[in-house]
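Based on the sequences and whatever the hints tell you, model everything.
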Amino acid sequence: MSQSQVDTAGIRRAAVLTYDAAETCIALGQRMLGETAAGQRRPARRAPQATSVVRELDQVSEHLLAVATHLARLAAVLEQAGPAGPGAALRSEFADPGPGS
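Per the UniProt record's numbering, the sequence shown runs over residues 1 to 101.
Among the hints, erroneous ones may be present.
Simulated restraints, written as ranges between beta carbons of each label pair [what the hints assert, rightly or not]: (1) Q49 / G82: 29 to 37 Å; (2) A37 / H63: 19 to 27 Å; (3) Q49 / D20: 24 to 32 Å; (4) L17 / A81: 35 to 43 Å; (5) G82 / T24: 31 to 39 Å; (6) Q49 / Q5: 32 to 40 Å; (7) L17 / Q59: 15 to 23 Å; (8) L28 / L78: 17 to 25 Å; (9) R31 / V77: 31 to 39 Å; (10) R73 / L28: 21 to 29 Å.
In short, the hints are calculated from the structure, not lab data.
Fair warning: this is a prediction, and the values are worked out from it, not measured in the lab.
We put the beta carbon where it would ideally sit given N, CA and C, even for glycine.
Right, dumping it as structure tokens:
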């Protein structure tokens, strides 16, 4: 793949969208915790269920934040690599040496 085929702006947009999704998970978890704390009149079995969901949301948000960070780093590396692209050295290093080798 040549450098011109790499859409670093698209990768950065994906990173931002992924980060936004993580923030949404965090906000939803916080809201659920607030509702659970405020809603002590609810049946007792709902509180542990809500806590379990909040824990899952927390894990999902952590993974999404990690993916967003990796996408942003990938875009930066691709931009710094220049027109030759980050794989140019590897491609030439692993090129078929031919039948005489």
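Here's how the hints hold up against the structure:
For the pair Q49 and G82, the supplied restraint of 29 to 37 Å is violated, since their beta-carbon distance comes to about 52 Å. Distance hint check: the CB atoms of A37 and H63 are about 26 Å apart, consistent with the given range 19 to 27 Å. For the pair Q49 and D20, the supplied restraint of 24 to 32 Å holds, since their beta-carbon distance comes to about 27 Å. Evaluation of the 35 to 43 Å hint for L17 and A81 yields a failure: the beta carbon distance comes to about 23 Å.
One distance hint, 31 to 39 Å for the beta-carbon pair G82 and T24, holds here, with the actual separation near 36 Å. Restraint check, Q49 to Q5: a C-beta distance of roughly 47 Å breaks the suggested window 32 to 40 Å. The given range of 15 to 23 Å is respected by L17 and Q59, whose C-beta atoms sit roughly 19 Å from each other. For the pair L28 and L78, the beta carbons lie near 32 Å from each other, so the given range of 17 to 25 Å is not met.
Under the hint 31 to 39 Å, the C-beta atoms of R31 and V77, about 36 Å apart, fit the expected range. At roughly 27 Å, the beta carbons of R73 and L28 sit within the given window of 21 to 29 Å.
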